[in-house]
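Peer 1: Okay, here's what each chain looks like letter by letter:
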Amino acid sequence: MIFTSIVFALFFLIVAILYYSLPCKHRWILLLVSSIFFYMYSIPAYILVASFIILITFYAAIKIEKAKVSEKAMQFYIAAITANVGILVFCKYSNFFSSSVFDSINFARQKLFHNTEIWNNTLLIKVVAPLGISYITFQAIGYLIEIKRGNHYAEKNLGHFSTFLLFFPKIIAGPVERAHHFLPQLQQIKKFDFDKIIIGLQQILWGLFKKLVIADRLSIYVSAVLGNAENHSAISLIAAVIFYVFQMYADFSGYTDMALGFAKILGFDLMQNFNRPLLSKSVTEFWRKWHISLSTWFADYFYTPLAIAKRDWGNWSIVYAFFTTFIVLGFWHGANWTFLIFGTLQGLILTIEFFTRKIRKNIRKKVPMFLNNMAGITFTIGYFALSLIFFRANSVSDALIIIKKIFTSRESGIYIENPSIMLFCIFGILFLSIVECKKEYFNHLFTFSNNKYWLIRNGYYCLLLMIILIAGVFDGGEFIYFQF
Amino acid sequence: MDRSEIIHQLTNIFIDIIDNGDISLYNETTANDVDGWDSLTHIQLVVAIEKHFKLRFNSKEIQGWKNIGELADSIAGRIA
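For the record, the sequence lines run as chains A and B.
All the letters of the first sequence, read from the start, carry residue numbers 42 to 525 under our numbering.
All the letters of the second sequence, read from the start, carry residue numbers 590 to 669 under our numbering.
FYI, nobody ran anything at the bench for these hints, they're computed from the structure.
Think of the CB as a built atom: it goes at the ideal place given N, C-alpha and C, for glycine as much as any other residue.
One should not assume that every hint holds.
Some chain B residues close to chain A (C-beta under 10 Å, calculated; not the full set) [unchecked claim]: (1) Ile596; (2) Ile604; (3) Ser613; (4) Glu617; (5) Val623; (6) Glu639; (7) Gln652.
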């Protein structure tokens, strides 16, 4: 049930009406029931996996909190963390490991015994990862770590805790919520707040616009070119790679806007996930503004403990923590060498930027700010685009073909099968860029979306709605990040 | 060494590591208030502070400080 479907719209409408019809203290029950329904809508059996994670984490947290001896607390902590990580690894990587074993056996049989008969790995059972498994386990692990550190109390209401992990607006692709941010909101009395509902609807509309008008339009061009890279010129490939950066951003941030909007209508504030990352002046800054809920999760629970543990190495502890974190983050996206290279490229540039901070700062002092910003933004988008070639490709060799063609191809001309698609792509990127630049640099001057005049404010949203209806792609499929 | 002296010395360390002469630290100052105090510089700051005050924090302390006041308390507790 994706956010852009009619089925979801009906589902959400019913939930919202029932939610505000119920007494405040019983509303969480409706949220839990509707979240379970949402979760079971595709493959019902996977609720068993989610339930197992919930029960293990819930009871382990209480035991950790109650344990008077630290060794006892540590045992529960390690058991619960191992269970969560084990489920995540099994669900996401068992296919990769099993097919790797088969490939290795076949390779060894061919090389050592000259046996050309290939063992068929279709004999293996393919594991389909449960919906939002990464996000459920990340939130559960974060919760356990905070309990262990003594920063959060263990939730005693299993229903509240289950709602925290399963809350349907965020279950598929985040944001990765923190218990201390979400659980207190379940206890608050949420009156029907018309202004909040309007803000939520505006967020949903803007998210829909980004997904249907920008991301799914760009997707048509990107798929046509990058899906058939051998037959396209360098200019077409560069255009497609740059378009893919904007597609990825519009798709993922569009999904997040909708998730935040749906939650807002139900009276919940979820974490911000994006802060205009494409206007970052360095890749380091970019990762502070892109997928914030996940990058702060990794910073708090992975990068920082690693760097602290090795801090006697001096600056090399930071390099070590960078590479390890981004390789794991890359591997989290999928069990493929392409994602490992994507992660390694991020670790590499962050290391370079770390060691050149002072030099770059001195250069910045001598160059006009506008030029500084333009150079920084161009470099950041360019580098991210380059790394996304690996992110999107099915294999490393596919990615290398694209890179080689970009740098060596002498073919001229740009692929434009249908001029209207290209025009819509450029319009979408320009519109998004103008909105983001306006918010970043001129937000104090004028606003359409929050204008004090009813007519201007609502005229803007009517215009967005009209563009969605006219130019939206309604069969564009799922959000890119749903697969992770 | 009193708390104000600790915070004064911390300010000098922050200025050196973050390379920003405009930094002023107070008890209530958090990472959000200091431009450049992020997860990268945090580790460098910890190393520099440990070296300067000749002490060693544990991991729980390093990840537990909410503001400069709490960091100064940790230092004061160690060098008292």
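Peer 1: Take the hints in turn and mark each one as holding or not.
Peer 2: Hints, one by one, checked against the model:
Interface hint status for B:Ile596: violated, as the beta-carbon distance to the closest one in chain A is roughly 22 Å, over 10 Å. Given hint, B:Ile604 at the interface with chain A, is violated; its Cβ is 13 Å from that chain's nearest Cβ, farther than 10 Å. A least Cβ separation of about 20 Å between B:Ser613 and chain A goes past the 10 Å threshold, and the interface hint is therefore violated. Hint on B:Glu617 is violated. Least Cβ distance to chain A is approximately 19 Å, over the 10 Å limit.
The interface hint given for B:Val623 is violated, since its Cβ lies 14 Å from the closest Cβ of chain A, which is over the 10 Å cut-off. Satisfaction of the interface hint for B:Glu639 is found here, the shortest Cβ-Cβ separation to chain A being roughly 8 Å, below the 10 Å cut-off. Proximity of B:Gln652 to chain A holds as hinted, the smallest CB-CB distance being about 6 Å (cut-off 10 Å).
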